[in-house]
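Protein chains: 2
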Amino acid sequence: MSHPVSPLAPKSVPDCPEIRGVRLATAEAGIRYKGRTDVLYVALDEGASAAGVFTRSRCPSAPVDWCRANLAGGTARAVVVNSGNANAFTGGKGRDSTRLTAEIAARAAGCRPEEVMLASTGVIGEPLDATRFEGVLADCASRAAPGGWLEAARAIMTTDTFPKVATRSVELGNGERVVINGIAKGSGMIAPDMATMLSFVFTDAAIAAPVLQTLVSEGADTSFNCTTVDGDTSTSDTLLAFATGRSGGKAIENADDPRLPAFKAALDDLLIDLAQQVARDGEGARKFVTVKVESAESDASAHRIAMSIANSPLVKTAVAGEDANWGRVVMAVGKAGEPADRDLLSISFGDVRVAHQGARDPDYDEAEASAAMKKDEVTITVDLGLGEGKARVWTCDLTKAYVEINGDYRS
Amino acid sequence: MSHPVSPLAPKSVPDCPEIRGVRLATAEAGIRYKGRTDVLYVALDEGASAAGVFTRSRCPSAPVDWCRANLAGGTARAVVVNSGNANAFTGGKGRDSTRLTAEIAARAAGCRPEEVMLASTGVIGEPLDATRFEGVLADCASRAAPGGWLEAARAIMTTDTFPKVATRSVELGNGERVVINGIAKGSGMIAPDMATMLSFVFTDAAIAAPVLQTLVSEGADTSFNCTTVDGDTSTSDTLLAFATGRSGGKAIENADDPRLPAFKAALDDLLIDLAQQVARDGEGARKFVTVKVESAESDASAHRIAMSIANSPLVKTAVAGEDANWGRVVMAVGKAGEPADRDLLSISFGDVRVAHQGARDPDYDEAEASAAMKKDEVTITVDLGLGEGKARVWTCDLTKAYVEINGDYRS
Chain A
77 MSHPVSPLAP KSVPDCPEIR GVRLATAEAG IRYKGRTDVL YVALDEGASA AGVFTRSRCP
137 SAPVDWCRAN LAGGTARAVV VNSGNANAFT GGKGRDSTRL TAEIAARAAG CRPEEVMLAS
197 TGVIGEPLDA TRFEGVLADC ASRAAPGGWL EAARAIMTTD TFPKVATRSV ELGNGERVVI
257 NGIAKGSGMI APDMATMLSF VFTDAAIAAP VLQTLVSEGA DTSFNCTTVD GDTSTSDTLL
317 AFATGRSGGK AIENADDPRL PAFKAALDDL LIDLAQQVAR DGEGARKFVT VKVESAESDA
377 SAHRIAMSIA NSPLVKTAVA GEDANWGRVV MAVGKAGEPA DRDLLSISFG DVRVAHQGAR
437 DPDYDEAEAS AAMKKDEVTI TVDLGLGEGK ARVWTCDLTK AYVEINGDYR S
Chain B
77 MSHPVSPLAP KSVPDCPEIR GVRLATAEAG IRYKGRTDVL YVALDEGASA AGVFTRSRCP
137 SAPVDWCRAN LAGGTARAVV VNSGNANAFT GGKGRDSTRL TAEIAARAAG CRPEEVMLAS
197 TGVIGEPLDA TRFEGVLADC ASRAAPGGWL EAARAIMTTD TFPKVATRSV ELGNGERVVI
257 NGIAKGSGMI APDMATMLSF VFTDAAIAAP VLQTLVSEGA DTSFNCTTVD GDTSTSDTLL
317 AFATGRSGGK AIENADDPRL PAFKAALDDL LIDLAQQVAR DGEGARKFVT VKVESAESDA
377 SAHRIAMSIA NSPLVKTAVA GEDANWGRVV MAVGKAGEPA DRDLLSISFG DVRVAHQGAR
437 DPDYDEAEAS AAMKKDEVTI TVDLGLGEGK ARVWTCDLTK AYVEINGDYR S
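Protein chains in written order, with our numbering: chain A, 77 to 487; chain B, 77 to 487.
Chain A with its partners taken away, still in its complex shape:
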């Protein structure tokens, strides 16, 4: 189960500052893995706003059901995340398990179970024994401290080869400075359809829950929902955001607050950072791929075409083989079912235009295209020549290591 760190991992890990009103602890509950942390406990000071987006899977995990049911209050006092077991497809036992986990955490945090948000990741279909949290969460609550963001990201990893953290500091335009920290996990079963596998974002900004919900929904659309590793949407995709309001500023309560644009820009940027880290840690990935689609009939159409390219096994294996195989890109454009005129298409790999107006570019130089494909980061740009729509999505190549990782018995 242990694989070498992705060569596409960020070269340095940012130092996440403390967020007022947020304290963290990790622990070993022995859910599945040995000798590593598998529980993250987050304590939130009273008054934190909460918002979230979840998988659109018709077969969501029990924790996703739990969060959906309890997020309506727009507030939370604790978050419990475990790795090793997704508590998905576990029937009535799964529901009992989420309730028991929330009850144990609520006792530790001194709040109601409904104020505890839950997320689980790991194997699907195995019952999660929540009694393992007994004692563990009380201990976490007593130890919880403002630092330890990297350890938090590490505790929620499954097939991830590196922990994913990101941080931004924003001046809201009135001298008020707030911090946003985020962590994420995800490597396979990644085609988020609302949010990624698991991501948690915290800020000391004061933002009312409905405004935070809008920010998170919009932010997921331009970040995690533009990421795919294998086209396989998880049962457990969860993005939760919490705003403690401890920065000292007055709460942002409506969409036209002048401080919102700066915050939104920083949040979107942080979410894109995390989403790209997920693609960079795609199972078996050796190349980080950006797919840009331009001049489509609409942005939505451009996005569907970009996803068709990013999910095509033939395009992804061509990238793995460093093959500037534009024919496969044409195929993926064609199968998307979106408006496209073969004879207007242009396709570039990096800066090298390989196809123009529906045929091989007469100026195309095979050596230049090959050089572009040899890089760690490959950008595929498709110009449809139809309209103003555009999209950008991130993925990785498809290598033998992906097959190896996922062909392991009951990974």
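Be aware that one or more of the hints could be misleading.
Because identical chains cannot be distinguished in the list, a pair is counted as satisfied if it fits within a single copy or across any two copies.
DSSO-like, lysine-lysine: derived pairs with alpha carbons at most 30 Å apart [unchecked claim]:
| no. | residue 1 | residue 2 |
| --- | --- | --- |
| 1 | Lys-451 | Lys-87 |
| 2 | Lys-169 | Lys-368 |
| 3 | Lys-466 | Lys-451 |
| 4 | Lys-451 | Lys-476 |
For the record, the hints were derived by calculation from the structure and aren't laboratory data.
On the provided structure of chain A, position chain B as indicated by the hints.
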């Protein structure tokens, strides 16, 4: 580019009888490959009916455009198929190339260019030099003979590891006996969305073109359109059928002809045979997989769920790893976006029910499930518990060999 024959290849190759009114020849035109045939020429006696279905790709190949434009007449005198170059995404040159090929074939066959059907398969984006057919097709026309079906199937192979032929003989209920022969090619870029990569079916039955068209459209829906190797729909998918009418019977001219059900049953069966051979020759395949979805809200819904399972890289790698990983099947059901109730789902591998009513089957035996996964042929059955809809699709596993084959430079 040469790979060992798929272990899933049929154990024996049927002996295709002659079809009155059809003559075949193959040749080496040196389009791309060395030392093998790459052209199939089929001569049809005057009066043959023709029908076809084609890719729904928005970026179809030039030969697909040619056939669509010229099939309206419902008749054909010759078919030219080449491997090595798909003549797809070749712009104006591609159109010129199809016209020149049809003109050369028409001179050889003594017919109009519009009576020549064309299909090409191989690399996308490279101009196809049709002058290579000069001389070759005239020679083919002079050599064309009623036998040689296996050689015909061999000439149109690309990454296929075995030639695909099938034959049926049908008694039409009135003492009249007719023969249907079919050939197909396809191994990767297989997610037919009307028909497979390339398939050609011939019969000596007398069937009017509109009736033949209905038969072919319906037959494709229950055969090739139920097959996927990698979810990548080709630019070139083509299924053409020809009925020479040389059996001596009176022509079948409408849908309620009493002889039609027997013919349709045999044709559907032959198309399923060919479609399954394509899945059995999926690039890198080591397991032939049947996905059955039952008790869905509708047949269409069942089909979309079945395809979601059959196209999931995580399900396919689990099959390759002989892992009865029902969690990934749940994931693929969930992401299909179709009606599904997690807590009603049952999932079986072979005869072993591993999950029932949304959780692990209490009677589930890991050893039995493992044994089911070790077989060459694996059936995954999902019962949704909702309605009467059902579907059955065929695919193969996803192995490292798929990545290897498609990561080769400019395969």
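Each hint, compared with the structure:
{"no.": "1", "hint": "Lys-451 - Lys-87", "result": "within (16 Å within a copy, 45 Å between copies)"}
{"no.": "2", "hint": "Lys-169 - Lys-368", "result": "between (44 Å within a copy, 27 Å between copies)"}
{"no.": "3", "hint": "Lys-466 - Lys-451", "result": "within (24 Å within a copy, 46 Å between copies)"}
{"no.": "4", "hint": "Lys-451 - Lys-476", "result": "both (19 Å within a copy, 23 Å between copies)"}
Hint violations for this structure: none, all hints satisfied.
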